[in-house]
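K.L.:
Counting in the numbering used here, the sequence shown runs from 1 upward without gaps.
These are computed hints drawn from the structure, not numbers from a lab.
Keep in mind that a hint or two might mislead.
Stated by the list, open to error - With a Cα cut of at most 20 Å, we get these calculated EDC-like pairs of lysine to aspartate or glutamate:
no. : residue 1 : residue 2
1   : K11       : D21
2   : K77       : E94
3   : K77       : E10
4   : K11       : D61
5   : K77       : D61
6   : K32       : D21
Please read all numbers here as calculations on a predicted model, not as lab measurements.
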Amino acid sequence: NPWDQHGDLEKGHQAMGHQVDQPIAALLVDLKQRGLLNQTIVIFAGEFGRTPFSQGSNGRDHNPFGFSLWVAGGGFKGGSVYGATDELGYRATENPCDIYDLWATVLHQMGLNHENHTFLHAGRNVRLTDVHGTVI
């Protein structure tokens with residue numbers, strides 16, 4: 001995975017940023033011009049963040065305790081920030097949330113009650129957002 005920068009994070013992320021910047025901007029502009037942005041949710045995220053301190057040759061290790069993602073369209077309020085990390089950027093300290101909260105919020109924005117959507121697993125119905133998900 002080219003985003004997995006355990007070495008030379010600055011160069012690697014800069015190169016990846018150049019590859020995705022214009023296509024993502026074009027997608028958002030196109031959706032807006034077609035009047036589809038308000039009914040389309042675009043999420044740009046990874047499965048974890050990066051530690052704020054160096055590892056190996058100027059890379060960063062995995063950090064599940066504090067990371068960023070962005071969401072556009074779908075009725076989400078633009079230009080807002082939700083939460084904050086400690087002074088090191090290592091752990092979420094203000095409004096911490098998890099993946100279940102994100103999906104509960106996405107389903108809510110789609111007009112669905114996340115508590116009503118289940119799937120059968122190991123002989124029991126399990127909520128899509130587990131027992132933890134709350135709408136942000």
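K.L.:
Confirm or reject each hint.
P.N.:
Now for the hints, and whether the structure bears them out:
{"no.": "1", "hint": "K11 / D21", "result": "holds (15 Å)"}
{"no.": "2", "hint": "K77 / E94", "result": "holds (19 Å)"}
{"no.": "3", "hint": "K77 / E10", "result": "violated (30 Å)"}
{"no.": "4", "hint": "K11 / D61", "result": "holds (16 Å)"}
{"no.": "5", "hint": "K77 / D61", "result": "violated (31 Å)"}
{"no.": "6", "hint": "K32 / D21", "result": "holds (17 Å)"}
Hint violations for this structure: numbers 3, 5, all remaining hints satisfied.
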